[in-house]
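Turn these sequences into a full structure, and let the hints guide you.
Numbering (numbering that gives the first Met the number 0), first residue to last: 0 to 86.
Just so you know, these hints were derived from the structure itself, not from any lab.
We put the CB at the ideal spot given by N, CA and C, even for glycine.
Possibly wrong hints are sitting among the right ones.
[Stated by the list, open to error] Pairwise CB distance ranges, derived in the manner of DEER restraints: (1) A2 <-> P80: 39 to 45 Å; (2) S77 <-> W55: 31 to 37 Å; (3) A2 <-> L69: 45 to 51 Å; (4) W22 <-> A2: 23 to 29 Å; (5) Y56 <-> G29: 19 to 25 Å; (6) G34 <-> A7: 32 to 38 Å; (7) E20 <-> S40: 23 to 29 Å.
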Amino acid sequence: MVACLAAALVVLRLVGLEPRERWPGLWLTGEVVTGPVSDWSFTDRYPTVAVQTRSWYGLPHSVTVTCTALDGRLYLTSVYPPGLEFP
Numbered sequence: 000m001v002a003c004l005a006a007a008l009v010v011l012r013l014v015g016l017e018p019r020e021r022w023p024g025l026w027l028t029g030e031v032v033t034g035p036v037s038d039w040s041f042t043d044r045y046p047t048v049a050v051q052t053r054s055w056y057g058l059p060h061s062v063t064v065t066c067t068a069l070d071g072r073l074y075l076t077s078v079y080p081p082g083l084e085f086p
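Here it is as C-alpha cells:
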C-alpha cells in the first residue's frame, strides 16, 4: 500500500496535478520564473491563472484565481464572496 502511494506521488510529481476550476491541485507544470517581472500585460490573454503555494506539511497546493494587471503590478483576486462555502 505504501509503495503504491509513493509511486502515485512520483507520477504526480512528474506530470503535475493542476487545479481545475473550483477544485484545488498539487504540483503545477511549466517554467519557474525566479526574477522580477516588469510587464504583466501578457496575462490579459488569460482570465484565470494557477498559483502554487507550499503547505506546512510539505506538499504543494495550487488554486485557480483571476488576475488583473494594472500599472506594472499583478493583482490576484477571488471570484467567490467571503462567507460562502464551496467544495
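Going down the list of hints, with the structure as the test:
Roughly 44 Å separates the CB atoms of A2 and P80, a value that falls within the hinted 39 to 45 Å. In this structure the supplied range 31 to 37 Å is violated for S77 paired with W55, their Cβ-Cβ distance being about 22 Å. Separated by about 50 Å at the C-beta atoms, A2 and L69 satisfy the suggested range of 45 to 51 Å. Taking 23 to 29 Å as the suggested C-beta distance range, the pair W22 and A2 conforms, at roughly 27 Å.
At about 23 Å, the CB distance of Y56 to G29 agrees with the hint of 19 to 25 Å. Under the hint 32 to 38 Å, the C-beta atoms of G34 and A7, about 34 Å apart, fit the expected range. For E20 and S40, the hinted distance range of 23 to 29 Å is satisfied, since their beta carbons lie about 25 Å from each other.
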